Amino acid sequence: MPGEPAKRQKREAYKKGLEEDEAALPKKKFYRQRAHANPFSDHSLVYPKSPADMDWAGLYPAHAVKKHETKASHDLSLSEEESRALKAITKNVEIADIGCGFGGLLFALAPRFPDTLILGMEIRISVTEYVSDKIRALRSQHATSAAQDYQNIAVLRANTMKFLPNFFTRSQLHSIFLCFPDPHFKQRKHKARIVSYTLASEYAYVLRPGGIVYTITDVRDLHEWMVGHFEKHASFLRVASEEYDGEGESDVRERVRIMRTETEEGKKVERNKGEKFVALFRRVEDPPWPED
Amino acid sequence: MTLPYQCLAACSRSTGDGDEWALFGAAGSELVVQSSTGIASVWPAEESQAKNREEAQEPAEKRVKLSPAVEQKPNFTTLKVSHDKKHLIGTTAEDKCIRVFEIEAGWRLKQISERCMARRPCSIDLTSNDSTILCADKFGDVYSLPLIPPPEDELNVMPESEKAQKKFLPSASLSTVHSGRNRKVLEEQLKQAEKGRPQPKDAPKFKHDLLLGHVSMLTDIVSATVGSRSYIITVDRDEHIRVSRGLPQAHIIEGFCHGHEEFVNRLCLTQSGRLISGGGDAHLYVWDWLSYRLLEKLPIQAAVLDYFQKHPELELPVPEKEGNFKVAVSGIWNVPFGNSTEEILVACEGVPALFSFIPGSSPSLSQTLPLSGNALSVAFIGARTAVVSVDHMHKAGSTTQIRDDQGVSRIQCFSIAQDGQWARDDTLTEPLAWFSHDAGEGEHADGRAAGTDDDTARAGFSKKVRTILYGVGNLRKRPEAEAEIAT
Chain A
1 MPGEPAKRQK
11 REAYKKGLEE
21 DEAALPKKKF
31 YRQRAHANPF
41 SDHSLVYPKS
51 PADMDWAGLY
61 PAHAVKKHET
71 KASHDLSLSE
81 EESRALKAIT
91 KNVEIADIGC
101 GFGGLLFALA
111 PRFPDTLILG
121 MEIRISVTEY
131 VSDKIRALRS
141 QHATSAAQDY
151 QNIAVLRANT
161 MKFLPNFFTR
171 SQLHSIFLCF
181 PDPHFKQRKH
191 KARIVSYTLA
201 SEYAYVLRPG
211 GIVYTITDVR
221 DLHEWMVGHF
231 EKHASFLRVA
241 SEEYDGEGES
251 DVRERVRIMR
261 TETEEGKKVE
271 RNKGEKFVAL
281 FRRVEDPPWP
291 ED
Chain B
1 MTLPYQCLAA
11 CSRSTGDGDE
21 WALFGAAGSE
31 LVVQSSTGIA
41 SVWPAEESQA
51 KNREEAQEPA
61 EKRVKLSPAV
71 EQKPNFTTLK
81 VSHDKKHLIG
91 TTAEDKCIRV
101 FEIEAGWRLK
111 QISERCMARR
121 PCSIDLTSND
131 STILCADKFG
141 DVYSLPLIPP
151 PEDELNVMPE
161 SEKAQKKFLP
171 SASLSTVHSG
181 RNRKVLEEQL
191 KQAEKGRPQP
201 KDAPKFKHDL
211 LLGHVSMLTD
221 IVSATVGSRS
231 YIITVDRDEH
241 IRVSRGLPQA
251 HIIEGFCHGH
261 EEFVNRLCLT
271 QSGRLISGGG
281 DAHLYVWDWL
291 SYRLLEKLPI
301 QAAVLDYFQK
311 HPELELPVPE
321 KEGNFKVAVS
331 GIWNVPFGNS
341 TEEILVACEG
351 VPALFSFIPG
361 SSPSLSQTLP
371 LSGNALSVAF
381 IGARTAVVSV
391 DHMHKAGSTT
401 QIRDDQGVSR
411 IQCFSIAQDG
421 QWARDDTLTE
431 PLAWFSHDAG
441 EGEHADGRAA
451 GTDDDTARAG
461 FSKKVRTILY
471 GVGNLRKRPE
481 AEAEIAT
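So the sequence lines, in the order shown, correspond to chains A and B.
First residue of the first sequence: 1, per UniProt numbering; consecutive thereafter.
First residue of the second sequence: 1, per UniProt numbering; consecutive thereafter.
So that you can see chain B by itself, here it is in the shape it has in the complex:
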């Protein structure tokens, strides 16, 4: 069985014959490419996969640590096309890696670098000139990396001897004030120092600079430009939307957009430069972020609840009582078709629909687009089309139950019709048939085909898919998480 596309990206190019587009989809650890000209490919290609496996036998430190027995293929978490459309940047979860691909002629992907960070990247963006990747990680830090690694990166490796020479001295002494437990730690450290210090965890050896940090898991990062000024906007699990100056002054915090009461998961800049944020709160917030002013709240939770109530056939997540029903916004996309109205599409975790909002209009919810499975990702192609990836493994409305029907499409297309409303667009069904149904191997490669009768293998597989697709709800704080013990 093929895996759903957890993220999509698209890219258009003008050629002599008119506009061409390509669609990139990440299904687990694979990247699938299909273009309007009918070119189709999968990364990694078959032969290079085999080669990778051989390479993994070499004592590459990272690999050895991560995978004692079976090689685990890292799954993609984000995809981003550079502004100049020459590169595709992806992050993979398990190996904490940022991978840069060159988009070659004929829409082939060639990986030109893979840089493993110390912490798992949660979100990336590019500066407006495409020179620098901004990487926000799980520990709350933002690093900058050149898009194309400079040649001297390999040379920066510290000589082994220098490392060894640094003799360990404990930071505490017996005269410092500390508790009995600390004293024990000190004794341990002294003992350890005699034996020789254990090697500290390897820091990445390529060029990467710490720009800023939150003491909270970062969920999204956006690079914004207003006139000649550039900004970095970061959001975290603790409700903060922080506005910092862009490079090279990213250490200066300009301000905060205060107002969220639950985690914030996604940011979206609209054409006019307004910022829209969403996460665990019942509303999306629309900001005049340069003055940190809340302009409007868009009722996403009410929209989702209304959708579920109108579709009783769907597996309802929990909402016995309306008050207990909580949404987790998993995606906000600015509709890039240069109309006069600003429009966004919104996806929520485990909800088989997309919600179109037009900020500033009343009511702000303009349309609900029903889907055949839970909404996962959106990409825009051509001049009026949205490609939506849907979860074809789980039941619509459920993040846990496997669906019974087979052969559901992984992709649904919508185009803006004459009346300005979205309508199902089946003209792309045929051209995208391969992308939608067959592309990518799923789990066959590992010899754990979906057709297997082994229930534990199936359960393990479905759990794995769940962690790839559905992690947003876990960002919500649990009230019982008080971890303090008074003594």
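Only chain A is shown next, with the shape it has when bound in the complex:
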């Protein structure tokens, strides 16, 4: 493609400049990336062997169990236990934003739920870099404040359709957000959708009983698809709209409101005067074993 090298050069120069100024907010135009990624292909992804091997301290340094200056957790001379200890944090991530895009939801949730660790997961490299750069800038801007703002959010590049259980243990999360996922309009691409009956089993695995999957989309067909697949799954019950719409204060209402208004796609739909379809699903307790 002609023009490609110039674009890459510009991006590289821009990112170099950004490195020198810790507190400068990144500009989206240098991070744009094609909206689709194939979840079936072998991207050269980095993912931990198991949740215990995940370098959480690198993502949430303010919450690290052992504060360390260098990235010693990658030191090969360390034993598995020592290396795991260096990667540990004092509390677990409890909210995951799967397909976080440019991170609108993350940045809006961060100050509202300051005591909860929130993780954005995104498959596109460039977009992940943008969110990561923005988190770094916001942390740096708020470094002097006592509240340690934006230390509770982080982002990583991941293909969650394949590797969700590599990051989270059973029942670790209380909320999963699936905001404006790729609709994959073509029928033969439906298997690439982020919601399916079989993937619902994985969401149920990482969610604790009572935890909620939040979904929003502007595509009616995808909305119906997501509702259909979650409702068919015995581990989920649809949450009645009275619980998240209308008057009253609750964490669920707050999260739905943020999801409607703060995500980048949400704003775009607003501008286009499109419709937004919201559906929430609560993870129920596992039933007893049949023969027990």
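Read the hints as simulated data drawn from the structure, not as lab findings.
All values derive from a computational prediction rather than experimental measurement.
Note that the Cβ used here is the ideal one computed from N, Cα and C, for glycine as well.
It is possible that some hints are incorrect.
In the DSSO-like style, the derived pairs of lysine-lysine whose C-alpha atoms are separated by at most 30 angstroms in a straight line are [what the hints assert, rightly or not]: (1) B/Lys-191 to A/Lys-273; (2) B/Lys-80 to A/Lys-186; (3) B/Lys-138 to A/Lys-232; (4) B/Lys-207 to A/Lys-186; (5) A/Lys-189 to B/Lys-205; (6) A/Lys-191 to B/Lys-310; (7) A/Lys-276 to B/Lys-191; (8) A/Lys-268 to B/Lys-184.
Counterexamples of contact, computed for chain A against chain B with all Cβ distances above 10 angstroms [to be verified]: (9) Gly-17; (10) Glu-82; (11) Gln-172; (12) Ser-201; (13) Glu-202; (14) Gly-210; (15) Val-239; (16) Ser-250; (17) Asp-286; (18) Glu-291.
Please arrange chain B on chain A, whose structure you already have, making use of the hints.
Showing chain B alone in chain A's frame:
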């Protein structure tokens, strides 16, 4: 030339006169049966082959799509004998079919059903009561099918008119947020809708239920029972070993055995209920899978490398540098002879030996069994004998070079001797001579006999055999496979 047996299965029955056994071997698209009583047969039988060809002229949708010119005979990928020893289940690759055979008196095979799945089955297992087949496919899904199809299966066909009535409505509208390309797709869809929607791919019309799925190619599935609880263990190309509840709660994931860093290809449950997994990693992993705990690693790569170093006459695959040498485990078999020690036999792709490991002992490698050709499959007969199928077409240690010597046996037998070690057992050479040398037609039927001078035909034939026998190494991820373009 006859084809090697890509899979073996065996089955023993107690009769009035003592124990009888039968050996089933899949050579390409044929099943060869030989019993201890000397009964021998081949499926499909000659006359039914001819009949099949006639039937293929009928507009059976699947066939027409698959084979425009020559009828392609589907090759077997797995064989499994039911726990009650009344049925043999096989899967064939090209037509994605699950075939159930009744093992009749006199060890004759009678196919009672063939069910073609939407995706190619990679591995199957049966529930402990033999009522249900669990089928793991290439797209990562697991389906359950009744072993014996219920009679109403034929009736489930949706009437044509109903299909046609469903009018197509595009899922997107112009108000939805999407890129220019998506907008074009939408326009296309609208145009297409006016013309009438192309028929979606036919879903199988027999009873089959989706149980669970990975977003990765499945490589093996095991049904396990512990007390009153049943489990389904599935493994995929992305290192995952997943433990789910068995039917009817297969949608509940109990946990994962994390630890592999390369693809996992085979699972094996031992007598005591431990799980052993192997694939592209240098070690086999031994698991206390109910608590997802890794107990031990068995050094398979070191064992293979050591074997190659001690046998310099073998064609070495690549190992210029030791670090570059990679094994691909193609089979793990639990030795079912009720000894106090647990033992497994392990085969690796393109390696002319079997490796016997005893988990928990030190060293865990107890014996290496040299073979005359690459190890393909293992079945156990009698009270102490392992029958091993070997590749008699390719050179030992090579998956590509055709060997020069002819008449090599397709089967080698080993029995456990007094000292507990495996030893060559030649007492079966004579009884199994037909099974080992002559059974099955190979390619003669297609008029492409191995003796032909046509080099391209030979090359095509050898490539075909290679795809039947050696696919495990292809599961390894290639580092350059980054398929993303930033724009």
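Hints and how they fare:
1. B/Lys-191 to A/Lys-273: Answer holds: B/Lys-191 to A/Lys-273 is near 25 angstroms, not above 30 angstroms.
2. B/Lys-80 to A/Lys-186: Judged against 30 angstroms, a Cα distance of about 38 angstroms means the pair is violated.
3. B/Lys-138 to A/Lys-232: holds (24 angstroms)
4. B/Lys-207 to A/Lys-186: holds (26 angstroms)
5. A/Lys-189 to B/Lys-205: holds (22 angstroms)
6. A/Lys-191 to B/Lys-310: violated (49 angstroms)
7. A/Lys-276 to B/Lys-191: With a Cα-Cα distance of about 26 angstroms, the restraint between A/Lys-276 and B/Lys-191 holds, given a limit of 30 angstroms.
8. A/Lys-268 to B/Lys-184: holds (20 angstroms)
9. Gly-17: The assertion about A/Gly-17 holds, with a minimum of 19 angstroms to chain B.
10. Glu-82: With a cut-off of 10 angstroms, A/Glu-82 remains clear of chain B, as the shortest Cβ separation is near 18 angstroms.
11. Gln-172: Holds, since 13 angstroms exceeds 10 angstroms.
12. Ser-201: Answer for A/Ser-201: violated, closest chain B Cβ roughly 5 angstroms.
13. Glu-202: The assertion about A/Glu-202 is violated, with a minimum of 7 angstroms to chain B.
14. Gly-210: holds (16 angstroms)
15. Val-239: Answer for A/Val-239: holds, closest chain B Cβ roughly 19 angstroms.
16. Ser-250: Answer for A/Ser-250: holds, closest chain B Cβ roughly 29 angstroms.
17. Asp-286: violated (6 angstroms)
18. Glu-291: Non-interface label fails for A/Glu-291: nearest chain B Cβ at 4 angstroms, not farther than 10 angstroms.
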